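Chains A and B are the protein sequences, given in the same order. Counting with our numbering, you get residues 1 to 402 for the letters of the first sequence. Counting with our numbering, you get residues 1 to 402 for the letters of the second sequence.
Honestly, I wouldn't trust all of these hints.
Intra- or inter-copy, both count: the list cannot distinguish identical chains.
[As the list claims (entries may be wrong)] Pairs of lysine to aspartate or glutamate residues, derived as EDC-like cross-links and limited to a Cα-Cα distance of at most 20 Å, are as follows:
(1) Lys340 / Asp363
(2) Lys161 / Asp144
(3) Lys334 / Glu175
(4) Lys141 / Glu162
(5) Lys327 / Asp258
(6) Lys62 / Asp363
(7) Lys84 / Asp156
(8) Lys62 / Asp381
(9) Lys65 / Asp37
(10) Lys178 / Glu93
(11) Lys81 / Glu179
(12) Lys334 / Glu370
(13) Lys277 / Asp381
(14) Lys327 / Asp369
(15) Lys62 / Glu33
If you're looking for bench data, these hints aren't it; they were derived computationally from the structure. All values reported here derive from a predicted model rather than from experimental measurement.
There are 2 protein chains.
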Amino acid sequence: MRNISTILIALFVVTSGVAQEALWGGQAIISPEINEDKSVTFRLNAPLAEKVEVTGDFLPRKIIKSNTGEYDIPGTAVLVKNNKGVWEFTTPEPLTSELYSYSFNVDGQRTLDPANVFMIRDVATVTSVFIVGGGQADLYKVNDVPHGTVARRWYDSPTLKEQRRITIYTPPGYENSKETYPVFYLLHGSGGDEEAWIALGRTAQIMDNLIAQGKAIPMIVVMPNGHTQNPAAPGETHRDYHPAMGGGPREAVASMEDSFGDIIKFVESNYRVDKSKAKRAVAGLSMGGMHSAAISAQYPNTFDYIGIFSAPPIASMRSRNDEERSKYADEFLKKLQVQKQNGYKLYWIACGDTDFLYQGVIDSMKKMDEIGFSYTYRESDGGHIWKNWRIYLSEFAPMLFK
Amino acid sequence: MRNISTILIALFVVTSGVAQEALWGGQAIISPEINEDKSVTFRLNAPLAEKVEVTGDFLPRKIIKSNTGEYDIPGTAVLVKNNKGVWEFTTPEPLTSELYSYSFNVDGQRTLDPANVFMIRDVATVTSVFIVGGGQADLYKVNDVPHGTVARRWYDSPTLKEQRRITIYTPPGYENSKETYPVFYLLHGSGGDEEAWIALGRTAQIMDNLIAQGKAIPMIVVMPNGHTQNPAAPGETHRDYHPAMGGGPREAVASMEDSFGDIIKFVESNYRVDKSKAKRAVAGLSMGGMHSAAISAQYPNTFDYIGIFSAPPIASMRSRNDEERSKYADEFLKKLQVQKQNGYKLYWIACGDTDFLYQGVIDSMKKMDEIGFSYTYRESDGGHIWKNWRIYLSEFAPMLFK
Numbered sequence: 001m002r003n004i005s006t007i008l009i010a011l012f013v014v015t016s017g018v019a020q021e022a023l024w025g026g027q028a029i030i031s032p033e034i035n036e037d038k039s040v041t042f043r044l045n046a047p048l049a050e051k052v053e054v055t056g057d058f059l060p061r062k063i064i065k066s067n068t069g070e071y072d073i074p075g076t077a078v079l080v081k082n083n084k085g086v087w088e089f090t091t092p093e094p095l096t097s098e099l100y101s102y103s104f105n106v107d108g109q110r111t112l113d114p115a116n117v118f119m120i121r122d123v124a125t126v127t128s129v130f131i132v133g134g135g136q137a138d139l140y141k142v143n144d145v146p147h148g149t150v151a152r153r154w155y156d157s158p159t160l161k162e163q164r165r166i167t168i169y170t171p172p173g174y175e176n177s178k179e180t181y182p183v184f185y186l187l188h189g190s191g192g193d194e195e196a197w198i199a200l201g202r203t204a205q206i207m208d209n210l211i212a213q214g215k216a217i218p219m220i221v222v223m224p225n226g227h228t229q230n231p232a233a234p235g236e237t238h239r240d241y242h243p244a245m246g247g248g249p250r251e252a253v254a255s256m257e258d259s260f261g262d263i264i265k266f267v268e269s270n271y272r273v274d275k276s277k278a279k280r281a282v283a284g285l286s287m288g289g290m291h292s293a294a295i296s297a298q299y300p301n302t303f304d305y306i307g308i309f310s311a312p313p314i315a316s317m318r319s320r321n322d323e324e325r326s327k328y329a330d331e332f333l334k335k336l337q338v339q340k341q342n343g344y345k346l347y348w349i350a351c352g353d354t355d356f357l358y359q360g361v362i363d364s365m366k367k368m369d370e371i372g373f374s375y376t377y378r379e380s381d382g383g384h385i386w387k388n389w390r391i392y393l394s395e396f397a398p399m400l401f402k
Numbered sequence: 001m002r003n004i005s006t007i008l009i010a011l012f013v014v015t016s017g018v019a020q021e022a023l024w025g026g027q028a029i030i031s032p033e034i035n036e037d038k039s040v041t042f043r044l045n046a047p048l049a050e051k052v053e054v055t056g057d058f059l060p061r062k063i064i065k066s067n068t069g070e071y072d073i074p075g076t077a078v079l080v081k082n083n084k085g086v087w088e089f090t091t092p093e094p095l096t097s098e099l100y101s102y103s104f105n106v107d108g109q110r111t112l113d114p115a116n117v118f119m120i121r122d123v124a125t126v127t128s129v130f131i132v133g134g135g136q137a138d139l140y141k142v143n144d145v146p147h148g149t150v151a152r153r154w155y156d157s158p159t160l161k162e163q164r165r166i167t168i169y170t171p172p173g174y175e176n177s178k179e180t181y182p183v184f185y186l187l188h189g190s191g192g193d194e195e196a197w198i199a200l201g202r203t204a205q206i207m208d209n210l211i212a213q214g215k216a217i218p219m220i221v222v223m224p225n226g227h228t229q230n231p232a233a234p235g236e237t238h239r240d241y242h243p244a245m246g247g248g249p250r251e252a253v254a255s256m257e258d259s260f261g262d263i264i265k266f267v268e269s270n271y272r273v274d275k276s277k278a279k280r281a282v283a284g285l286s287m288g289g290m291h292s293a294a295i296s297a298q299y300p301n302t303f304d305y306i307g308i309f310s311a312p313p314i315a316s317m318r319s320r321n322d323e324e325r326s327k328y329a330d331e332f333l334k335k336l337q338v339q340k341q342n343g344y345k346l347y348w349i350a351c352g353d354t355d356f357l358y359q360g361v362i363d364s365m366k367k368m369d370e371i372g373f374s375y376t377y378r379e380s381d382g383g384h385i386w387k388n389w390r391i392y393l394s395e396f397a398p399m400l401f402k
């Protein structure tokens with residue numbers, strides 16, 4: 001029996017040296033450590049490094065200037081090396097409850113935190129993340145509550161002439177129920193794909209928690225890919241994928257708005273859903289907000305609930321000059337008139353007060369005021385960031401289908 | 001309209017500077033580049049670095065020695081800097097068709113390839129990956145074929161007294177069919193979780209492609225989490241998760257074998273499945289192979305197809321000394337006698353000829369020979385690596401349910 005004994009010991013030992021399988025790192029270092037006072041300590045074992053910085057959204061933001069304006073970006077902090085070669089930084093203040101993203105910069109090279117198992121991919125970049133609980137971000141945690149199902153499926157889009165990947169959340173109990181459910185279509189921004197709302201958006205956790213708390217009613221959340229030139233996220237498509245907005249290896253056959261009917265048809269023929277206007281919602285962030293405005297206008301008697309997060313409702317992604325933009329706005333206002341006549345229960349516009357799209361949102365609302373198109377406006381702190389989009393989702397979902 | 005014009009330009013520009021949203025990196029560098037002769041070039045823009053290496057499973061392996069034996073680990077190659085600060089390395093030979101993993105090492109610090117959007121997480125480590133086509137690895141690609149659905153669900157385990165996360169592949173057409181399907185339970189190794197087979201194992205792609213080619217029949221593939229002390233993968237559990245085999249914040253309430261009935265019950269009450277022995281298979285790699293042997297023995301008239309990849313069938317993960325191991329083997333052989341009497345269609349054992357568990361596999365088969373327990377043995381090149389487990393899955397799945 002000596003061999004099997006050796007086997008079992010070896011099974012514990014060998015894996016750490018095998019890079020292909022890339023098993024647990026065997027880090028003795030704890031990073032990040034959320035201290036009792038809610039300050040957070042970051043540590044990196046890098047004895048050979050000359051300079052280690054951490055960059056993340058928990059640090060005071062810096063202003064950078066470009067030829068299109070001023071933008072604030074996450075700040076950096078310098079770690080200090082101890083005599084064992086471990087670099088360390090502790091935030092000077094406690095952090096408020098939030099999901100934070102960060103990475104290290106070692107002698108100019110970006111790296112993840114090797115001691116932290118929590119990572120989220122956003123298009124082409126993986127970032128280390130952590131959650132400080134005790135407030136809003138408790139909604140973003142996996143809690144010990146009933147969990148819905150997250151399915152990655154493929155639907156046929158006759159308009160786009162191909163199969164496309166789609167992420168669908170069904171609430172706890174869906175599979176063992178005979179009831180019909182309302183549907184919430186939730187659209188990502190220009191830098192995202194069908195994984196964005198599930199990953200950084202924490203949609204499954206937010207919905208699980210809101211439903212468990214009785215704040216939102218059980219609903220299906222449908223998260224398609226809004227880049228019609230790509231069938232799926234990077235790594236999930238048979239075509240070469242160039243992860244840049246408007247990029248990709250081919251021109252889009254049709255727009256998100258023009259092809260959206262294929263998604264509704266797929267959902268309504270594959271899930272037990274209530275097919276009435278009162279049980280359909282559409283919302284999105286940034287480009288997805290523009291899509292939501294355009295879709296709800298183009299299918300003017302289809303959605304009772306519309307959410308526009310951090311985007312001007314009256315804006316075209318495709319107009320190339322002032323004349324085209326003006327024409328788009330005029331036509332869009334006519335569609336809004338029709339939408340107004342058909343009626344809806346909630347048209348919810350949310351934007352951060354330092355968002356670079358803020359003025360566009362204000363201008364759009366002014367135009368809507370002129371035609372007496374009613375909406376609810378929610379202004380938050382901050383800019384064009386996931387922190388706001390998670391908050392908007394947390395606030396929007398409880399208002400739906402009631 | 002000037003504002004909206006500015007908005008749309010800004011939407012293209014701002015994102016690259018915003019680390020929190022971590023959008024596309026704007027890399028002009030192509031890496032890895034698969035050249036026409038199937039050699040591969042790696043590039044990294046790191047003008048300040050003093051030394052850049054690439055480590056990956058496409059490089060000749062190195063032998064390292066530890067007190068438990070000799071192990072071969074992936075090799076490294078040194079990149080050379082050009083006058084623009086871009087480091088480069090081209091493999092001296094063409095690479096055979098395979099899914100390869102790699103990372104860079106910049107002045108001693110591990111980093112992903114920032115120019116490559118293809119990444120796979122394996123427990124706590126994210127690795128850059130690429131596929132060289134034109135052979136076996138065409139099965140690992142997302143091809144333009146009908147795609148199944150991959151769902152992350154939670155099942156209730158009364159034995160383990162909690163909800164647990166599980167990954168389930170349903171084949172193309174499942175949702176719109178009224179037929180029943182066979183079920184293949186596919187178990188990960190000690191360093192994995194319920195994401196392992198889907199990520200590095202490429203199960204969804206392999207099954208989609210084998211089914212499209214008519215080589216495998218449509219089946220449901222069930223991928224549970226084999227660490228019974230953890231309910232889910234890191235980032236997906238409400239408990240602290242320490243990603244190490246046998247680790248975790250608590251002792252397991254019960255073993256994988258003892259709690260496996262909960263999984264079968266969940267699958268058979270939630271999916272349209274054929275509940276006969278002829279339509280059930282179980283297989284796994286390494287620890288999951290031991291689990292598959294133990295499960296098929298403990299439920300001795302339940303599975304017609306058993307696959308043991310890179311693991312000795314007769315080995316206990318829990319025996320602590322020779323006496324316990326000997327007792328386990330004796331009891332296990334009695335169970336195999338029962339399994340033999342009940343009958344089965346395929347008992348498939350596969351192992352690489354340099355696998356550190358090789359001798360244990362040989363010893364187990366010798367014991368099985370002694371009691372006339374029949375099996376099929378497949379020996380491949382190589383060691384305890386995902387390359388082999390993808391090959392074994394590609395070969396095992398076509399033999400099922402026929």
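Status of the hints after comparison with the structure:
Proximity of Lys340 and Asp363 under a CA criterion of 20 Å is satisfied intra-copy only: 19 Å inside one chain copy versus 77 Å between copies. With identical chains, the CA atoms of Lys161 and Asp144 are at most 20 Å apart between copies only, with a shortest distance of 12 Å across copies and 42 Å within one. When the C-alpha separation of Lys334 and Glu175 is checked against a cutoff of 20 Å, the pair qualifies neither within a copy, at 42 Å, nor between copies, at 40 Å. Proximity of Lys141 and Glu162 under a CA criterion of 20 Å is satisfied inter-copy only: 17 Å between copies versus 36 Å inside one chain copy.
Proximity of Lys327 and Asp258 under a CA criterion of 20 Å is satisfied intra-copy only: 18 Å inside one chain copy versus 68 Å between copies. Taking identical chains as interchangeable, the C-alpha atoms of Lys62 and Asp363 are never at most 20 Å apart, the minima being 27 Å within one chain and 64 Å between chains. Taking CA atoms no more than 20 Å apart as the test, Lys84 paired with Asp156 passes in neither setting, with 57 Å inside one copy and 46 Å between copies. For the homomeric pair Lys62 and Asp381, the shortest alpha-carbon distance inside one copy (16 Å) is at most 20 Å, but the shortest distance between copies (54 Å) is not.
Neither within a single protomer nor between protomers do Lys65 and Asp37 lie at most 20 Å apart by alpha-carbon distance, with minima of 35 Å and 45 Å respectively. For the homomeric pair Lys178 and Glu93, neither the shortest alpha-carbon distance inside one copy (51 Å) nor that between copies (59 Å) is at most 20 Å. Taking identical chains as interchangeable, the C-alpha atoms of Lys81 and Glu179 are never at most 20 Å apart, the minima being 59 Å within one chain and 63 Å between chains. For a Cα distance limit of 20 Å, the shortest separation of Lys334 from Glu370 inside one copy, 12 Å, qualifies, whereas the shortest one across copies, 84 Å, does not.
With identical chains, the CA atoms of Lys277 and Asp381 are never at most 20 Å apart, being 32 Å at best within one copy and 60 Å at best between copies. Proximity of Lys327 to Asp369 under the C-alpha cut-off of 20 Å is restricted to the intra-copy arrangement: shortest distance 19 Å within a copy versus 81 Å between copies. Within a single copy, Lys62 and Glu33 get their C-alpha atoms no closer than 25 Å, and across copies no closer than 36 Å, so neither meets the 20 Å cut-off.
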